[in-house]
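Q: Listed here are the chains, written in short residue letters.
Number of protein chains: 2
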Amino acid sequence: MPLEHDKKTEFAEWYSEVVKKAEIVDNRTPVKGANVLLPNGYGIWENIQKILDRELKATGHNNYYFPMFIPEELLNQEAEHFSGFAPEVAWITHVGNRKLERKVGLRPTSEAIMYSMFSLWIRAHTDLPLKVNQWCNIVRWDTKETKVLLRDREFLWHEGHTAHATYEEAEEQVKESMRIYEKLFDDLALSYIILKRPKHDTFPGADYSVAYDAPLPDGRVLQIGTTHNLGQNFSKAFDVKFQKPDGDHDYVYQTSYGISTRIIAAILSFHGDNKGALIPPKVALTQVIIIPIYFKNKHEIVKEAANKVLETLKNAGIRARADLRDNYTSGWKFNQYELLGVPLRLEIGPRDIEKNQVVLVRRDNGEKITVPQDQLVKKVKDTLDAIEETLRQKAWKRLEESISEAKTFEEIEKIYNEKRGIIRTNWCGNPECADVLKEKLSVEIRGTKLNEEEEPFHSCVVCGKEAKQVVYVASAY
Amino acid sequence: MPLEHDKKTEFAEWYSEVVKKAEIVDNRTPVKGANVLLPNGYGIWENIQKILDRELKATGHNNYYFPMFIPEELLNQEAEHFSGFAPEVAWITHVGNRKLERKVGLRPTSEAIMYSMFSLWIRAHTDLPLKVNQWCNIVRWDTKETKVLLRDREFLWHEGHTAHATYEEAEEQVKESMRIYEKLFDDLALSYIILKRPKHDTFPGADYSVAYDAPLPDGRVLQIGTTHNLGQNFSKAFDVKFQKPDGDHDYVYQTSYGISTRIIAAILSFHGDNKGALIPPKVALTQVIIIPIYFKNKHEIVKEAANKVLETLKNAGIRARADLRDNYTSGWKFNQYELLGVPLRLEIGPRDIEKNQVVLVRRDNGEKITVPQDQLVKKVKDTLDAIEETLRQKAWKRLEESISEAKTFEEIEKIYNEKRGIIRTNWCGNPECADVLKEKLSVEIRGTKLNEEEEPFHSCVVCGKEAKQVVYVASAY
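Top to bottom, those sequences are chains A and B.
Note that this note's numbering numbers the first sequence so that position 5 is 164, with each residue one more than the last.
Note that this note's numbering numbers the second sequence so that position 48 is 207, with each residue one more than the last.
So that you can see chain A by itself, here it is in the shape it has in the complex (with noise of 0.2 Å):
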């Protein structure tokens, strides 16, 4: 039963395939793109939602529910953001047999029906600041080619937005939704480099956008995440102004920023391999399945023992999970739950039970450690810790050994028909130079390093001008 596709050579049709029979997601559905989360994955997404909620409700957010639809005249109002999502919005023009008399759009994102409320809400200094967090569902229409969960027409997501008296808080907020996010991403074992976007890959209608590029196994990055500070954009835009203590009027500033179901894409291609998913600790559905060992006759008394170690971790807080069933060789149950992505599997069989202990499997490497029932909570506490910390390991060591550095066009090549990952080079600022990379080797400047000046150290690596950032390249999912 181990997967047919080799994760290292033919990592797009592994992806398929370990998407498809670990039960993370069902795609025979009848609009393309638009999938089936099933529990394995859902319970993925439920429980970052439960990480992430916590602590956006700690840091003075508050969850709202917002409308999907937003009419074309709310959506252009900030020009750059219509220009940048109209072509992916998707319209509601009939209900029933009637025609609308104007067009719906299904939200892309909810700046544009947030700020025309923000507009409402806001008077004084006192409003601010405003917390606002959705979890919700999105629409992005890609005419591409989807692929599921990395491109999908219909998406799960949360979005925090929050408008602010000053730019520095602006700032400071952009700081905050950082920690939080690299919180979540250690809890996922997931590796990645923090990049300040260029002009041109900005989230339309931002000052700035910083966001999260995890190095997937085919040397392609992924984007987990973003934060973006909006400064007066917007709040120009959707007239959210508010009075300061002086009695002047001013705009607000704002920052917005999200993660979404794709992030689930990220975490099967980190941590899974040739026998299947698996899945961080923190965020399993099921973190410890319980195999019975059966021997004829020991039956009942195996029965007995399962369901009483399922209810001592059940008690303990632990999302454990016993498959009882005798149709199923044990085996077999190896195997499946391999598959599933299950970190950490409990046999018990008739000897076990005589020496009162229980064996415990690691999905990541096999280890089988034989544990006294007393000190069953704390063992399985400290394997999942365990797990979850040799899969940071090798995740922050994959990062690291996807960078290089490159000097030349011919040296970029060269990496990239080796190895792609993520390139370290020389950029003169000019978008066509990003042009001819993307075009010539499907690579994209993805940013400069946040918070840190880097000094070129070539000339830029198209054009051979005069270089003025040290830029990361490499090819996005």
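None of these hints come from the bench; they were simulated from the model.
Treat the hints loosely; a few may be bogus.
The list treats identical chains as interchangeable, and a pair is accepted whether it falls inside one copy or across any two copies.
As the list claims (entries may be wrong) - Here are the simulated BS3-like cross-link-like pairs (lysine-lysine), alpha carbons at most 27 Å apart as the crow flies:
#1 Lys-556 / Lys-334
#2 Lys-608 / Lys-358
#3 Lys-180 / Lys-303
#4 Lys-290 / Lys-492
#5 Lys-514 / Lys-553
#6 Lys-514 / Lys-556
#7 Lys-258 / Lys-191
Position chain B against the provided structure of chain A, taking the given hints into account.
A: Below, chain B without anything else, positioned relative to chain A:
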């Protein structure tokens, strides 16, 4: 700051006012019927989600997320279902500037999209029961006048969908969903009558529908939850078959059930008064609001004491908040949190600190309770429970008072003009008689008692012919 409109004499105006001033919903949005759920309203929904989600998981439901997009041919597959929902379906016809080859509907409910997947997933009796739950947004573009939370074009809900091997198991599932719902309604201190809807008001495609009608203060009823036995209607339409242990094949037996954000309207209508909302403790965003009573030169001591109380309550798992602002008077704050519906107020001033006590004030009856600090947590919990119990008793008393009996059309007319409410009467079973009631009095035959055959006590209230059923009649939202 009490409300301008009187709940008893101007219920509709009172409702619109309380929804707005208690910061439940903001409807100043660009598309009518698609509103913003504000934190004080969304918080109710989040807490309802937690209660329901826990129960659904404990009874073996798994959470999924299905696409919002339903192509016409799929929605059309069960004819009755389609004709029931088609007039309210919003259709996407364009993306960006391009026309789609086939229009795509937005889910008015998920039977069609889910069951098309069930037909891929279910093969054998070992795949059953399948118990699916989904949290999502729903679009029903009613052309009638929209009414905040009561008739929204976009709303949030949970929908449960199950498939079983036998009709009996489906019947058991209907009962399970009812137990889960009734536990929730109990937590919300709502009263209701349980009715089996007449054939002409059954969910389109269902064998039968069971609905919970809650008596609102204006004498009309509001459906707060429904559960449907779908029989094999959908499984035949969507070809959801399974192999039985004996090798034969059969179509699965299905159920579905749902509760939406509409229930927030019932909560507000039941418990609110002329001072504002009153949110039942189990679902209130803030259960206890702490108001420091400032005296000159004592600010810091009082603030510190208030913060200490806040910590104690939070650590005990109580959703408490302190309003420490000193640019608002205590009196203003009292009114404000009464308006918002926080069920319990905690006051603490210099004299209380000296005496090592706090003062609790119940939102429901204004009762003041002095509590020694060392009994704080217990007394707060007990008082929240007492508030809930008081609301519950009032709710059931209202149901009792709202039920009348009528033998003749004149009697119904009289009751309707005096007080509306729920009227117990007799019906011949002819839908034309139901139409007469609807046209002449705007009342509907809501259904019959479930699992209780009631003997007619008079002839049909409309046509005077022999009655077949005792039915309950009401004006409904």
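Q: If a hint holds in the structure, say so; if it doesn't, say that too.
A: Here is how each hint holds up against the structure:
1. Lys-556 / Lys-334: Within one copy, since 25 Å is at most 27 Å while 54 Å is not.
2. Lys-608 / Lys-358: within (14 Å within a copy, 66 Å between copies)
3. Lys-180 / Lys-303: Answer is within; shortest intra-copy Cα gap is 25 Å, inter-copy 46 Å.
4. Lys-290 / Lys-492: between (46 Å within a copy, 22 Å between copies)
5. Lys-514 / Lys-553: neither (36 Å within a copy, 59 Å between copies)
6. Lys-514 / Lys-556: neither (40 Å within a copy, 61 Å between copies)
7. Lys-258 / Lys-191: Intra 25 Å, inter 16 Å, cutoff 27 Å: intra and inter.
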